[in-house]
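Asker: Take the given structure of chain A and dock chains B and C to it, following the hints.
The residues making up each chain are set out below.
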Amino acid sequence: MNHFPFVDGMQSAMGAVLAVGLIDSPVSVAHYLVVGAVLFTAGVVCMTVKRNALGVLMGIELVLNGANVNFVAFSSPYLRGEGAVSLGLDGQVIALFVILLAAAEAAVALAITLNFYNNHATVDIDRADDLKG
Amino acid sequence: MLLGLAWLAPLVSFVAILFFGPRMGPHGRNAAWVATAAIATSLVLSLAALGTWLVAHPVTAPVHDAHAAAVGHDAGHDAGHDAGHDAGHDAVAPSSADHGTHHESHGDHHAGRRPVAYAGDWYTLYHGGALTLSIGWYIDALTVLMFVVVTFIATCIHVYASGYMHDELHDVTDHEVHLSSGGHLHRPGRFSRFFQALSLFCFSMLGIVIAGNLAMVFIFWELVGICSWFLIGFYYERKTASTAANKAFIVNRVGDFGMLIGLMALWGALGTLHFADTTVAGPGDVAITRPGLFSLVRPAASGHALQVPDGMVKFAAADEVALIVVDHAERPHDGVSEIASRIDEWRDMGYGRWLLFIAGVGIFCGCVGKSAQFPLFVWLPDAMEGPTPVSALVHSATMVAAGVYLVGRFYPVLTPDVLLVIAVVGGITLFIAATIALVANDIKRVLAYSTVSQLGYMMLALGVGGWSAGLFHLVTHAFFKSLLFLCSGSVIHACHTNDMRKMGGLAKVMPWTAGTMLVGCLAIIGAGVPFVVGLSGYYSKDAILAQALSYSQANPSWSILYYAVAGGAFLTAFYMFRLWFMTFAGTPRDHHVADHAHESPAVMVAPLAVLAVLAVVAGWTLPGGFGLANLLEQARPAGTEASATGGFLFGTLTVPAEHESHAGAIHFMATMTAFTTAAAGVLLAAVMYLWRIVSPTVVAGIFRPIYTLFASRWYFDEIYHAIFVLPVLGIAHLASGFDRGIIDRIISGVAWTARQMAGIDSWIDRTLVDGLVDATAAATWTAGLELKKLQTGRLRQYVMFIVVGTVAIFVLASMLFRATLAG
Amino acid sequence: MMPATLSLALPLALPLALLMTLPLAAINWHTLLFLLFAVVACACAVAVVLADNVVRMAFYLVLSLGATAGLFFLAGAEFLGAMQLMIYVGGTLVLLVFGVMLTAQSPFVAIKTSTGDRVLAGMVGAALLAVLLQSAFRVEAWQLPAVGAVTAPTATPLGMALLGVRVDAPAAGAPETAVRSGYLLPFEIVSVHLLVVLVGAAYLARAKRRRTPRAIDVAASSSSPPSSSSSGGVAATAREASSSSALVPGGRR
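Chains as they are written, first to last, in numbering that gives the first Met the number 0: chain A, 0 to 132; chain B, 0 to 822; chain C, 0 to 252.
Same shape as in the complex, but just chain A:
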């Protein structure tokens, strides 16, 4: 074989990953939960940091998606550990409803945002403080 450096590198990386055991054992629920946590946190930070109203909406989508990932993980028949309990179909139904409601909420939120934009000529939510005490 020709040992190209790139291929070698990849081989070693793969070997390393394999050695670490990252890709040889099956994933468990915990892995999915980690992903869900990261999505959730990203969404929360996005909601907190973004001044653009649409950025906040994106954060909301991320949060909901993180929750969905968790639900799916819990309901997955593949990810179930030995003797563990899974949600089964219920989890997927819940996730489905979440998606639906997220869509509804996004629509309404967008309508509000556009109204706000039309009335105040800005989407900066920091300027939407008329309700301040």
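Hints were generated in silico from the structure; no laboratory data involved.
Since this is a predicted model, take the numbers as computed values, not measurements.
Here a beta-carbon is modelled for each residue, glycine too, at the ideal position from N, C-alpha and C.
Heads up, some of the hints might be wrong.
Stated by the list, open to error - Restricting the straight-line Cα-Cα distance to at most 30 angstroms, the calculated cross-link-like pairs of lysine-lysine (DSSO-like) are:
id : chain 1 : residue 1 : chain 2 : residue 2
1  : C       : K111      : A       : K131
2  : C       : K111      : B       : K788
3  : B       : K788      : A       : K131
4  : C       : K111      : B       : K787
5  : A       : K131      : C       : K207
6  : B       : K787      : A       : K131
7  : B       : K238      : B       : K501
To be verified - Computed spacing ranges between beta-carbons, pair by pair:
id : chain 1 : residue 1 : chain 2 : residue 2 : range
8  : A       : K131      : C       : K111      : 21 to 29 angstroms
9  : B       : T752      : A       : K131      : 53 to 61 angstroms
10 : C       : G158      : B       : A812      : 17 to 25 angstroms
11 : B       : L815      : C       : L119      : 24 to 32 angstroms
What the hints assert, rightly or not - Beyond 10 angstroms from chain B on every Cβ pair, some chain A residues (computed):
id : residue
12 : P25
13 : T47
14 : D89
15 : N114
16 : H119
Answerer: Positioned in the frame of chain A, the structure of chains B and C alone reads:
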């Protein structure tokens, strides 16, 4: 029954006028008619009662003939016995046990005689244990006579007053009242109230007369005092009048204090206040006779001789009684019988005589106050502040006579020592009052002091044993003194002044008044033809002098009483005619007064004439024996016909029997003395005031110190003021000062403390409590304001809070529920 | 021909050759694909946070949600993954992109927050992440290696469940006597909910008769002269887009 109605008629009038007075005619004019009608009704009823009495108990000739007396008494007793069986009356059945025997001495013959009297109770107010308070009567000849006298004079005076008081029918301007603003007082007239008070007075006076027990006497005694107070102070806006009214009432009160002591002594020792025996229904329908005072003090068993009653003996010998009771503790009946057997022994030793003495003197104290004797006479002259009809009725004829009447009614209970006290007091009063009257210039004052002096006469007469003489003088004095007062009222009405120094020569202008007043003056001095005929005062004065002479002969050490009476007669004649001469004779001293003088209207002169007639005839005894003196004899208390001997305080005294004074020698001597002293007095008065031979001012200058003493009324007012009034005022000032300075200061201090406390509380409330509340509110407000800052309205911040909160909850939960999460 | 085929096959052959060298048998392809999708999802999510330009944020979000759909497929929820792609990515995010388009005026495209806010938010996010991760790794049951068996496709059971009938086998490990409810009622409710949202959104975004000009028109008119020179085209395009958009018909009046 008749007398009961007569007594109540003025009460009806009083009540009627009380409620309807001002509405009776214009300004209450008709109130006079109502009152006069009532008292006239009483008069008619009294006369009817007198008539009934005379029919039942005919008045016989004087009892100098033993046989005739026995016959007369027999007839009188039988008739009284028959007439006594009236429904509801309890008759004091006279004993006729001794009529079968004739005795030589009058004393023995009269030993068992008892006066004809009826006694009973109408209504028992209170009956508890030994005390029975009831409204009842004791009616004998004296009662009937007094009723007639009082109602008659009252009727005359009612008529007189309806004319005299015409000023009160319209609004009055009282010139003697000076207001602080400088003018005179204007007030509406009080015509009806005058008659209302007169009616009440008549009611109470008649109540005293008819009273059957001392408690009732006391009640009406006080009631009379109240009426007198009101009538004296009728013109109450005048300071002098209101002060005089208070003085009268207070001085009377002092006397009543003694009366209460007497009442208590009687009731405490004897257990009853009734005069006569009362019969009550006891258990088993047996009539129990409770002896009255007269029976207790003069028991029939001892011939009605005065002795200390068993109750008082036992009361005084209480120690010995207790010893006996203890000795006989197991056989109390023996103890009772032993006590009964030793009572006479104790009585002889003198137990209980002090008690009887005090009882008598106590009751007499009330009379001293009411009848203005020494030393309580200072109110009567000041009582002349009242209208003249009041002076005539109340302070000459009736109310002041109540004291004498009570002494007369209570006579059986009075021991010789008490009688001597009465006589001495009367004598002193007689003398002092006469001397003051000598130099008085106010016409009513002269008459007032004359009244006091005459009352002293009566007291002295009663004290020396002249029971019927004293009461006889009471009746005649009532007539002529009221006549004199009414005449003086007429004079004052005409001259508009009381001062005799401004009068003179009024006889030409006022003939009727002058004539009737002359009759009155003659009556009071006892004028008459000796041994033949005389005016009413002649007989009564005669009787008094005779009895006084008899007494001074029996008790030589007290013969000064006789000289006092004689001297008093001289002085009386002098000052009475001084009054008449100064008023009516000679030339007018003040032409202004003389020009305006006029005779009084008929309504005022008519009573004068009537009373003048009575003043003349009241002393006469009609053939057949009817006369005042004999009428009074019917009521003579049991046991007083004989001479009484006794006394422990002032040595042995003899109170001679009254009819002994009718014996020739004494009677002659007394009559001569009376005539000569009266004549001398009139002569001296004429010398000084009619013929102006001797000038009064010169005489006054010669006897300047004595004159000053008399003119200053013996300084009694000043002495009393210093002894009694000033200390009381001083104490009052002290008490007032104490009240203001200490008590008020304490209360103010308490109030101040309360205010300070209130201030502190208020501060606490404001600062602490309110501060707390306000601070809470402020804290809440501040908290709200601070928390409001959380609401920034900024979405990102809200999200941040959500996240932070979530994280915090998770952390906390994980820390707190570590075990749960691990599972 | 030979050289074209060779040139075409070379790039293909290279990876294949690479792949042939790898110990393919030892690779758990499920795990590898999971890692792939997970990394993409997370990275794009972080990129959404870090991006300033809202348009780029939208793009990264699309990628992230697409990778999430892949995750769904890998977890056996193929229907759900399809729905994610169709509804979420294809509907919601498109809507979001529309909104971005409508409001992406030049001052609003990249609004920066203050550094302090971002640091604070980062700290809070880190704390939240720590909490979540810690709880994820705490439960032992979630860390057991999967032993999942192949199951039937989930579309039919899901549909039936939505109609109220549970035809799926009970979830492994669940109690035998557990009551399994249908989801008919929530289905209906969500349907009504969507209807309400439809009506509400339409109402909110309706054309309004205005007496005063819209603020956006004022702002646009006031800013048009200075901006017309620099980004006039963009602004004009945006304005025209906004004025001609169906969502905001009021601009045309």
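Asker: Could you run down the list of hints and mark each one as holding or not?
Answerer: How the hints compare with the structure:
{"no.": "1", "hint": "C:K111 to A:K131", "in the structure": "22 angstroms, holds"}
{"no.": "2", "hint": "C:K111 to B:K788", "in the structure": "24 angstroms, holds"}
{"no.": "3", "hint": "B:K788 to A:K131", "in the structure": "8 angstroms, holds"}
{"no.": "4", "hint": "C:K111 to B:K787", "in the structure": "27 angstroms, holds"}
{"no.": "5", "hint": "A:K131 to C:K207", "in the structure": "27 angstroms, holds"}
{"no.": "6", "hint": "B:K787 to A:K131", "in the structure": "8 angstroms, holds"}
{"no.": "7", "hint": "B:K238 to B:K501", "in the structure": "25 angstroms, holds"}
{"no.": "8", "hint": "A:K131 to C:K111: 21 to 29 angstroms", "in the structure": "22 angstroms, holds"}
{"no.": "9", "hint": "B:T752 to A:K131: 53 to 61 angstroms", "in the structure": "58 angstroms, holds"}
{"no.": "10", "hint": "C:G158 to B:A812: 17 to 25 angstroms", "in the structure": "39 angstroms, violated"}
{"no.": "11", "hint": "B:L815 to C:L119: 24 to 32 angstroms", "in the structure": "27 angstroms, holds"}
{"no.": "12", "hint": "P25", "in the structure": "26 angstroms, holds"}
{"no.": "13", "hint": "T47", "in the structure": "5 angstroms, violated"}
{"no.": "14", "hint": "D89", "in the structure": "23 angstroms, holds"}
{"no.": "15", "hint": "N114", "in the structure": "15 angstroms, holds"}
{"no.": "16", "hint": "H119", "in the structure": "13 angstroms, holds"}
In the structure shown, a violation is registered for the earlier hints numbered 10, 13, in ascending order.
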